[in-house]
Amino acid sequence: MGPIQLSMTVASSQDFRDRLKKEYGVDVSLCYQCGKCSAGCPAAFAMEHTVRQMLRMVQSGLVQESLSSYSIWSCAGCETCSTRCPRQVDPAKFMEALRIEAKKAGLVADKNADLFNDLFLNSVKDTGRLHEVGMIARFNILSGQLFKDAEHAPGLFTQGKLSILPHKIKNTEAMAKIFANVQKKRGGKS
Amino acid sequence: MKYGLYPGCSLNGTGIEYGLSTKAVAQKLGIDFVEIPDWNCCGASSAHNRNHLLSVALPARNLALAEQHGIDQIAVPCAACYQRMKAAEVALRDEATRQEVGEVIEMNVEGKSRTRALVEVFANDLDADFLSSVVVRPLSGLKVASYYGCLLVKPAQVAIDSPENPMIMDKLMAALGATPVEWSYKTECCGGSLAITRPEASLGMTANVLKYAKLAGADCIVTPCPLCTSNLDMRQKAAEGLLGMELGLPIYYFTELMGVALGLEMSQLGLTKHFVEATSLLKNSPAAQ
Numbered sequence: 001m002g003p004i005q006l007s008m009t010v011a012s013s014q015d016f017r018d019r020l021k022k023e024y025g026v027d028v029s030l031c032y033q034c035g036k037c038s039a040g041c042p043a044a045f046a047m048e049h050t051v052r053q054m055l056r057m058v059q060s061g062l063v064q065e066s067l068s069s070y071s072i073w074s075c076a077g078c079e080t081c082s083t084r085c086p087r088q089v090d091p092a093k094f095m096e097a098l099r100i101e102a103k104k105a106g107l108v109a110d111k112n113a114d115l116f117n118d119l120f121l122n123s124v125k126d127t128g129r130l131h132e133v134g135m136i137a138r139f140n141i142l143s144g145q146l147f148k149d150a151e152h153a154p155g156l157f158t159q160g161k162l163s164i165l166p167h168k169i170k171n172t173e174a175m176a177k178i179f180a181n182v183q184k185k186r187g188g189k190s
Numbered sequence: 001m002k003y004g005l006y007p008g009c010s011l012n013g014t015g016i017e018y019g020l021s022t023k024a025v026a027q028k029l030g031i032d033f034v035e036i037p038d039w040n041c042c043g044a045s046s047a048h049n050r051n052h053l054l055s056v057a058l059p060a061r062n063l064a065l066a067e068q069h070g071i072d073q074i075a076v077p078c079a080a081c082y083q084r085m086k087a088a089e090v091a092l093r094d095e096a097t098r099q100e101v102g103e104v105i106e107m108n109v110e111g112k113s114r115t116r117a118l119v120e121v122f123a124n125d126l127d128a129d130f131l132s133s134v135v136v137r138p139l140s141g142l143k144v145a146s147y148y149g150c151l152l153v154k155p156a157q158v159a160i161d162s163p164e165n166p167m168i169m170d171k172l173m174a175a176l177g178a179t180p181v182e183w184s185y186k187t188e189c190c191g192g193s194l195a196i197t198r199p200e201a202s203l204g205m206t207a208n209v210l211k212y213a214k215l216a217g218a219d220c221i222v223t224p225c226p227l228c229t230s231n232l233d234m235r236q237k238a239a240e241g242l243l244g245m246e247l248g249l250p251i252y253y254f255t256e257l258m259g260v261a262l263g264l265e266m267s268q269l270g271l272t273k274h275f276v277e278a279t280s281l282l283k284n285s286p287a288a289q
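Keeping their order, the protein sequence lines are chains A and B.
Position 30 of the first sequence, counted from 1, bears residue number 30 in the UniProt record's numbering, the numbering being contiguous throughout.
Position 194 of the second sequence, counted from 1, bears residue number 194 in the UniProt record's numbering, the numbering being contiguous throughout.
Keep in mind the hints are simulated off the structure, nothing from the lab.
Keep in mind that this is a model prediction, so the values were computed, not measured.
Be a bit skeptical, because a hint or two may be false.
With the C-beta cut set under 10 Å, the calculated list includes, among others, these residues of chain B facing chain A [what the hints assert, rightly or not]:
1. Gly-15
2. Glu-17
3. Glu-103
4. Leu-151
5. Val-153
6. Thr-179
7. Val-181
8. Trp-183
9. Gly-191
10. Pro-199
Once the Cα atoms are required to be at most 25 Å apart in a straight line, the calculated PhoX-like pairs of lysine-lysine come out as [said to hold, decoys possible]:
11. A:Lys-148 <-> A:Lys-170
12. A:Lys-168 <-> B:Lys-23
13. B:Lys-237 <-> B:Lys-214
14. A:Lys-170 <-> B:Lys-28
15. B:Lys-237 <-> A:Lys-148
16. B:Lys-112 <-> A:Lys-177
17. B:Lys-143 <-> B:Lys-283
18. B:Lys-143 <-> B:Lys-211
Just a sample of chain B residues kept apart from chain A, beta carbon distances all over 10 Å, derived [to be verified]:
19. Ser-10
20. Lys-171
21. Glu-240
All C-beta atoms in this analysis are idealised placements derived from N, C-alpha and C, irrespective of residue type, glycine included.
The task is simple: from the sequences and hints, build the whole structure.
Structure follows, in structure tokens:
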């Protein structure tokens, strides 16, 4: 990041902060940057910008930078930050909101996370359940890591944990309706 | 006692021993679990990372099915499913949300059925005297690290116990005769949700949980979550490599240890379906004698 004139970015990004507040219930102006969220974050070591820094970026109007950040995809969603935040900012919800907004804006930095969510939700949409084996196999092929976790396959197989065929619910139409109705109401790809 | 049961997808796959031990223990204790007919996936982290409405609607169909079948309380073994089902139950308390979600699932949902974590049902609903009366093989001398993970105790709106120092499973283990160890990683995330997309980051988190259980003097770890278990069990060898230390910690579902204490066969409980060998410790402990 080069030098940025914050007096301009703050004003021009008010819409985004308003949306975070209205749609996700996250008011970033409450954050006084104490850093308790990031001190206890078990995934902070894997982030370029910690959740405290991400909050500051959005306060400062660096919206594109925050949405295209890889750090939001390193968040494990454990919610430790939200239980400890003294200002009830709900930093976990904030990170989740950035992931949803990044998808809408076409700025997802972690293609693997995007692929994982696609495959997971497709499995649910088609069969009503998650078929673990099918999803992991597709993920490995499409992410170009054919033998990822392959060393665990024989063990899983002998333990009876690899069900080759998906378990399908009877009323798969109900799934199709839920996904279609959500899209009708909310728009965008779900 | 009669409960609805929402097994979740993992119990047919990677968490198969959780399903086996849950059913065996329930039968032994005379608890009647009725599986919610035609239940669907809760959407897990993928739904709520994509679309809030979808993340409420998917579990809401299960809640609506439970209502249709007159199920007041739904026992949920998987911690991830529990969190999503409970979050939907909480969201449905709002009338506007209930209306909108009803339109999405095209079913009437009143939000009357209560979602309960399976560990709550076994630890809170059973009379303590009754439980001690059915323990035939107390787990004496077995030092267990109770590992709760994230999703049963966070966030506050759905938590079954304290997010920092939960005790519900420690107390259950003590009731079975085991010795819970004190340790500070009870609710530290194992990185389960990153295991597929960010395996290196996830492994570092898994390794920390295992390391501190070992340093606290535990013989084994006990969990209520299939995602934590497959992470801690299947990836333990890789964690040993990363840490440069030997761990050898069997990872048990709390239902497996309950089953052993109740005198059930280890194979019936799925104890032979582990990566880290899990039967010797229980055979060698005074519990077996």
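Hints violated by the structure (numbers, ascending): Of the numbered hints, 6, 7, 8, 11, 14, 19 do not hold.
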